[in-house]
Amino acid sequence: MVEAVVDVSHAFTPGSVTAVVGPSGSGKSTLLNLLAGFDTPTAGEVWLDGDAVHTLSERERSSLRLRRFGFVFQSFNLVAVLTAEQNVALPMGLAGVPTTLRRRRVAHLLARFGLERRGDHLPHRLSGGERQRVALARALANDPDVVFADEPTGALDTTTGALVMDALADVAADGRTVILVTHDRTLAERADERLTLRDGRVVAARSQHVADFALETDS
Numbered sequence: 005m006v007e008a009v010v011d012v013s014h015a016f017t018p019g020s021v022t023a024v025v026g027p028s029g030s031g032k033s034t035l036l037n038l039l040a041g042f043d044t045p046t047a048g049e050v051w052l053d054g055d056a057v058h059t060l061s062e063r064e065r066s067s068l069r070l071r072r073f074g075f076v077f078q079s080f081n082l083v084a085v086l087t088a089e090q091n092v093a094l095p096m097g098l099a100g101v102p103t104t105l106r107r108r109r110v111a112h113l114l115a116r117f118g119l120e121r122r123g124d125h126l127p128h129r130l131s132g133g134e135r136q137r138v139a140l141a142r143a144l145a146n147d148p149d150v151v152f153a154d155e156p157t158g159a160l161d162t163t164t165g166a167l168v169m170d171a172l173a174d175v176a177a178d179g180r181t182v183i184l185v186t187h188d189r190t191l192a193e194r195a196d197e198r199l200t201l202r203d204g205r206v207v208a209a210r211s212q213h214v215a216d217f218a219l220e221t222d223s
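Residues in the sequence shown are numbered from 5 upward in steps of one, following the working numbering.
Incorrect hints may appear among the rest.
Label pairs and their in silico Cβ distance ranges [stated by the list, open to error]: (1) Leu98 / Val207: 34 to 40 Å; (2) Phe42 / Ala209: 18 to 24 Å; (3) Glu62 / Ala115: 31 to 37 Å.
Bear in mind the hints are in silico, worked out from the structure with no lab data behind them.
The beta carbon of each residue, even a glycine, is placed where N, CA and C say it ideally should be.
Based on the provided sequences and hints, a complete structural model is requested.
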């Protein structure tokens, strides 16, 4: 049996950015999938505010992701036929947020990321940096506790990537837990905490806070 993540025990901190780094195949994506409830550990546990994520049914985990998690991806994953406003509103629609509140929150999030004049634009009319900021606004639509960012600057130039990192730091400053997977050493050095994986194991960790989101796996 191949063990993608082994003997990992770590608590993630609210109000901070944790960078997960390591070479390709080190287990970074598997770690994110375990934390987000896409995968279930064969041994070990995942906890969020005292709730055992690893014991939830698939329906319960899907509801948890919608209500308490936000996601940002390297390729943006915006719906091509929806405007920026509609992309940001999508998670709120799935969560049953009333239309009036939905519109108000969309306007607030677009303004927060300097996109108030881009709301009616389709993704193909936006720059890479603008698309990633729309994706970040969408990730915050349901006011999540945890934001997962998987190589969010991988498709961006250095300057634009730094701006996205600034935005992630601002998100963490709101009291959210931000978990960032990156190959970019400069971005990783800007994180509050750093977790280095190699062959599915943590080989280095820098953490100095009290946490409310934790993963522990057994060999």
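For this session: Hints the structure violates: just list their numbers, smallest first.
Result: none
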